[in-house]
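Q: With the hints as constraints, model all of the structure from the sequences given.
Protein chains: 2
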Amino acid sequence: MQKVVIDLGPRSYPILIGTGILQDAVVIREAVTARDVLIVTNVTVGPLYLEQLTGALDGKRVRSTVLPDGERHKTLDVVARIFDALVAGHMNRDACVVALGGGVVGDMAGFAAACYQRGVDYVQVPTTLLAQVDSSVGGKTGVNHPGGKNLIGAFHQPRAVISDTGTLATLPPRELRAGLAEVIKYGLIADAGFLDWIDANLEAILRLDATALTHAIRRSCEIKAAIVAEDEREHGRRALLNLGHTFGHAIETATGYGHWLHGEAVGVGMLLAADVSRRIGWLGAGDVARLRGLLQRAGLPANAPAIGASRALELMRMDKKVLEGRIRLVLLQKTGEGVVRSDYPVDALEATLREHFGSAA
Amino acid sequence: MQKVVIDLGPRSYPILIGTGILQDAVVIREAVTARDVLIVTNVTVGPLYLEQLTGALDGKRVRSTVLPDGERHKTLDVVARIFDALVAGHMNRDACVVALGGGVVGDMAGFAAACYQRGVDYVQVPTTLLAQVDSSVGGKTGVNHPGGKNLIGAFHQPRAVISDTGTLATLPPRELRAGLAEVIKYGLIADAGFLDWIDANLEAILRLDATALTHAIRRSCEIKAAIVAEDEREHGRRALLNLGHTFGHAIETATGYGHWLHGEAVGVGMLLAADVSRRIGWLGAGDVARLRGLLQRAGLPANAPAIGASRALELMRMDKKVLEGRIRLVLLQKTGEGVVRSDYPVDALEATLREHFGSAA
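Quick mapping for you: the protein sequence lines, in order, are chains D and U. First residue of the first sequence? That's 1 in my numbering, and the numbers climb one at a time after it. First residue of the second sequence? That's 1 in my numbering, and the numbers climb one at a time after it.
Do not rely on the hints blindly, as some may be mistaken.
Which copy? The list can't say, so a pair holds if one copy fits it or any two copies do.
[What the hints assert, rightly or not] Each computed SDA-like pair below joins lysine to any residue, with the alpha-carbon atoms no more than 25 Å apart:
| id | residue 1 | residue 2 |
| --- | --- | --- |
| 1 | Lys60 | Gly147 |
| 2 | Lys3 | Ile280 |
| 3 | Lys149 | Leu76 |
| 4 | Lys3 | Ala200 |
| 5 | Lys149 | Asn92 |
| 6 | Lys149 | Gly89 |
Worth flagging that the hints you see were computed from the coordinates, not collected in a lab.
A: Given below as C-alpha cells:
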C-alpha cells in the first residue's frame with residue numbers, strides 16, 4: 001500500500017492506494033473513525049463492492065444509499081435523497097459519509113457531506129481510474145444544473161481517500177483508457193520523467209499490473225496536489241489541470257454528450273494543445289508524434305471529429321475560460337511544463353483547428 | 001450611519017447601520033461591486049423595498065427572484081429556484097446575490113450564493129430586527145429539512161451587510177419585540193453595561209428612534225462578532241448565543257411551531273435560565289426581577305405556558321445540546337457573563353421547571 005498525504009494544514013488527509021484495501025478492516029477503520037456511517041453508492045458499483053466495504057465497517061452503525069448510475073443523475077434532486085437518508089438514519093455532526101463509486105457518486109456524496117448540518121466528514125472510495133487520479137484531490141464537490149455542468153457545489157475536503165486498484169478489474173476497459181488520458185495529462189503539464197515512465201509502463205497499466213497502477217495513481221495525485229496546493233480556490237495555476245479541456249468540451253458538445261467519454265475528448269484535446277504549442281515553436285514535431293503514439297497505444301482516439309474549425313472555435317468561445325474575448329489555453333512550453341496563456345498567436349490556433357477539425361462549415 | 005467591521009481576515013466585511021441607506025446609491029454600490037446582481041426577496045418585502053434597492057443599483061445588470069414568505073418555505077426546492085434564476089440570468093462567478101428580507105430570505109440567498117459555482121459574493125440587506133442583530137453575523141446559511149431545522153446549509157460570509165433601520169417601520173410590532181429579546185440576550189451574556197443601556201432606552205427602541213435602534217443593532221453585532229470570532233465553526237463559546245434557546249425550543253415544540261415567535265420563546269427561556277442561575281446562587285432575585293420587567297416593558301411574554309415540568313424536560317433532552325445525557329445549559333454567572341455548563345445541580349433546573357411550567361403531566 002502506498003500513501004500520499006495531501007497537505008492542507010488542518011484539513012490534510014491521506015490517499016491510500018493499494019490492492020484489496022477496500023475490504024481491509026484495518027485500513028478502512030483508520031480512515032472512517034465515525035460510529036455512524038452512510039455509504040453512498042450506485043446501482044452498478046453497489047452490487048460489486050458494498051458488501052465488502054460494509055463488512056470492513058462491522059460494528060459501526062452503517063447505512064447505505066444506492067443512487068442511479070450516470071452523469072444525468074448528478075442533480076440536486078438526487079442529492080436530496082442523500083439528505084433524506086442522513087436524516088432517516090438520525091445521523092448527527094459526528095457522522096461520516098463514504099462515497100463508493102466513480103466521480104459522479106463522489107461529487108454528490110461530497111456535496112451532501114459539505115451541506116449536511118453545514119459539514120460532516122466524508123471519505124472517498126473511488127472505483128474508477130478517473131476518480132482515483134482526479135476527484136480524489138482538489139475538494140470539488142457538486143451537481144449539474146440543466147443550464148450547465150457542476151454549477152452547484154462546494155469545496156469540501158475528504159478525511160481520507162481509499163483507492164483500491166482491484167476495483168479497476170470490474171471497470172469497463174473503455175473507462176480505464178479514458179482515465180489514462182488524465183494520467184498522461186499530469187506528465188505533460190508537470191513531469192517529463194513521469195511521462196517517460198508512462199511511456200515505458202503503458203502496457204503494464206492496461207493489463208492492470210498492481211505495481212504500475214499504484215505508481216500511476218500515486219504520482220498523478222502528487223502532481224495534482226502540488227498544483228492545487230498553490231491555488232486551492234482555482235484562480236491561476238490550477239487552470240493547468242484543464243490541459244486539453246477547452247478543445248475537449250467543444251468535441252463533447254458538438255458530438256452530443258455521451259458519444260465521447262470525457263477522457264477521450266480530453267485526450268484529443270491535449271493533442272491539439274500540443275499541436276498549437278508546436279506551431280508556436282515550443283514543442284518539436286517529435287513531441288507531438290510521441291503523444292499521438294501514447295494515445296494510440298492507450299486505445300484512445302487520436303483524431304478529432306470533423307466538426308469544422310469555425311464550429312469548434314465558436315464552441316470554445318462559449319467555454320468559461322474565455323478572458324476578455326481571447327480564449328485562454330493551456331499550452332506546453334515543453335513536455336512536462338504546461339502554461340496558461342491568452343497571448344499566443346491566433347494563427348497557430350486557427351491552423352490547428354483547420355487541420356484537425358476540417359475547414360467545412 | 002454607523003459601521004461595524006467583522007474581522008475575519010480575508011473574509012472580513014462591514015455591517016453598515018443607518019436610516020434610509022437602502023436607497024443610498026453610494027452606500028449600496030460600495031457594498032455591491034459586481035456588475036451582475038440577483039436580488040432575492042419575498043412577496044412581503046419585495047413590494048415595499050425592491051424598487052428602491054433596484055434604483056440604487058441603476059446601471060448594473062440587476063435581476064430579482066421573489067420567494068414565498070415564511071419559514072415553511074425555507075426548503076431546498078425553493079433554493080433551487082434561486083439557482084434557476086442565477087442560471088437564467090447567465091450569472092457567472094463574479095455575480096453577487098443580494099438578500100433583501102428577514103432571516104429566511106437571508107439564509108436561503110446565502111446558501112444559494114455559497115453553492116452557486118461553488119461560491120459567489122453575497123450581500124445582506126436585512127429588513128427585520130432579528131435578522132439585523134442575529135443573521136448578519138456568523139456566516140450561517142441554509143434550509144430546513146422535514147426532519148429538522150437548518151439541517152442543510154453552509155458557512156458563507158457576506159461581503160457586506162446593510163441594515164436600514166427605516167425598514168423596521170414596516171415590520172409588524174410583534175416581530176420587532178421578538179427581535180428585541182435577542183438584543184437583551186446580548187446584554188445578559190456579555191455586557192452588563194449594554195443591558196443598563198437597553199433598560200434606559202427600551203421605550204426609544206420601541207418607538208423606532210433611529211439613534212437608539214442604530215446603537216442597539218451596532219452593539220448586538222459587536223457582541224455576536226466577538227463571540228463568533230473566537231469560535232467560527234461553533235464548538236465552545238459560540239454556544240453562549242443559545243441563552244434561553246433550549247427552554248425556548250421546548251416551548252415552541254410543545255405549543256406547536258408558529259404559536260410562539262422564536263424570540264418570544266427565547267425571551268421566556270432566558271428568564272428560566274436566569275432563574276436556574278439564581279437557585280445556584282449566581283444571580284440575585286433582583287437580577288431576575290429586572291429581566292422579567294424588561295421583557296414585560298418590551299411587550300414580550302414573561303410567563304411560560306403550562307406544559308408541565310416533565311414534558312418540558314423531555315423536550316429539552318431531545319434538543320441537540322445534550323452532552324452525555326446531561327442537558328447543557330447556558331447560565332448566567334452574573335448579569336453580563338454567560339457560561340455554558342452541564343455540571344449545575346439538577347435540583348435547581350427541576351425546581352425552575354416545576355415553578356414555571358407547572359408540575360401537571
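Q: Taking the numbered hints from earlier one at a time, note which ones the structure violates and give those numbers from smallest to largest.
A: Number 2 only.
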